[in-house]
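Using the hints provided, position chain B relative to the given structure of chain A.
Number of protein chains: 2
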Amino acid sequence: MEPGSDLAPIEVFPVPGIPEVSKGADLGGLILAGLRRGRLGLEEGDVVVVKQKAVSKSEGRVVRLSEVVPGRRAKRLAKEEGKDARVVELILEESVRVVRSGHGVIITETKHGFVCANSGVDQSNVGEGLAALLPVDPDASARRIRAALEKSTGKTLAVIVTDTFGRPWRRGQTDVAIGCSGISPLVRYKGKKDRFGYELRVTEPAVVDEIAGAAELAVGKLDGVPVAVVRGAKYAPGESGIGSIIMSRKRDLFR
Amino acid sequence: MEPGSDLAPIEVFPVPGIPEVSKGADLGGLILAGLRRGRLGLEEGDVVVVKQKAVSKSEGRVVRLSEVVPGRRAKRLAKEEGKDARVVELILEESVRVVRSGHGVIITETKHGFVCANSGVDQSNVGEGLAALLPVDPDASARRIRAALEKSTGKTLAVIVTDTFGRPWRRGQTDVAIGCSGISPLVRYKGKKDRFGYELRVTEPAVVDEIAGAAELAVGKLDGVPVAVVRGAKYAPGESGIGSIIMSRKRDLFR
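Heads up: the sequence lines are chains A and B, in that order.
The first sequence: position 107 = 100 (my numbering), numbered continuously.
The second sequence: position 207 = 200 (my numbering), numbered continuously.
If you are wondering where the hints come from, they were derived from the structure by calculation, not from laboratory data.
There could be a bad hint or two in this list.
Any copy, or any two copies together, can satisfy a pair, since identical chains are not distinguished.
Said to hold, decoys possible - List of simulated lysine to aspartate or glutamate pairs, EDC-like, C-alpha gap at most 16 Å:
#, residue 1, residue 2
1, Lys104, Asp130
2, Lys148, Glu36
3, Lys227, Glu197
4, Lys186, Glu121
5, Lys76, Glu192
6, Lys104, Glu87
Chain A extracted, bound-state conformation:
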């Protein structure tokens, strides 16, 4: 199949050889070096998918738990859910409200508007006694990485920052987009008609989340590979950012 045709395949490449990311690291530069090491090039329209943990580390969003003083509310909730009160303090600081808690899980709405476990605060893959927080503005993170990659390659690209979220009713997690640049989060079929003339009223594939999940398939969890390139996905360029995928309170039946 010729590339660019509707029947062109999608390809997802892990980007190898990216070292442990430290505060202030030039993530764009590290990704370019990883691509060179893997003898991979970027092509027009490629989507570069970067795991939140690498972004958070480069932006210094890592907290030493010994420096966190839990408040009364954190202590109470920590006791209820069998968690470290300092971690719960961070979860509460990163949230605007607790949506549900139980079974050792605290589901919050973050300042960005994401509803997820533990406000995205995560102790895995950061080192003992440390916890990573989500980037303050993941769209801005994506924009910075995209600018660096586009400047160096001369290609028009998209960047998605992802995190691993659970979901109600289904076990397990999938990677989803928490920030993006150069790509509209949703594909809009609204108003288009199917082959039988039936208007596709509500179908808006969340292409950033499907790309995030596809990238996770390629990089796995334990490999220390925080970046993948997704090639051949159909998407609309755009700069509306991840906010445009967050459901308004008014329309949300589960808030």
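Positioned in the frame of chain A, the structure of chain B alone reads:
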């Protein structure tokens, strides 16, 4: 990168040339013919992803709305949500309960245990005056297709049947697995440790859903291409079926 290594790419191919599926159609045979037409072969470990609509049509799970007599409850709910009472009757018949309704959407729990809009009842891409229902046993559908493909190719394969689901808190939809064969829905990292020795306690990527989303990226919505092949994804073979991804009522904070 050599195939099979952790850094091998994922590839997603749409399978072209599958005609409109009718009741009793041999889906396995149609997929094999489509693969031949696209000059595509199946390889060991490939995951064949089939959209629910094609499966439902082949299994005769299409209902003529003129033959549906809505009951009192369906009529009332149809009025509240501005929907066709005959469609609402089907939604209720396919469900064990209504989870939420509002804004013209009826979220139900289906007999399979899925929580989704309209019990999966769908009027798009089926023809005027018709509605498609989910397969009665989508794991069995996946098993049948897998058996046909394995018999013909001599390869060990996996098959996932997918549908397009919305989700709370985020706009847009992603394709997710509603049935599977030859693949365990979740990858279990439980008990494994990260590079820093931190135990990855809760990470179980829902690989069937990430594969479903990746397939959707390749086939889109309007192309009349209901099948894709996902190659290179790491998964555990297994026959636990989709039931093993449904969260138990006991653990579910949103039921």
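(message) To test your reading of the hints: which numbers does this structure violate?
(response) none
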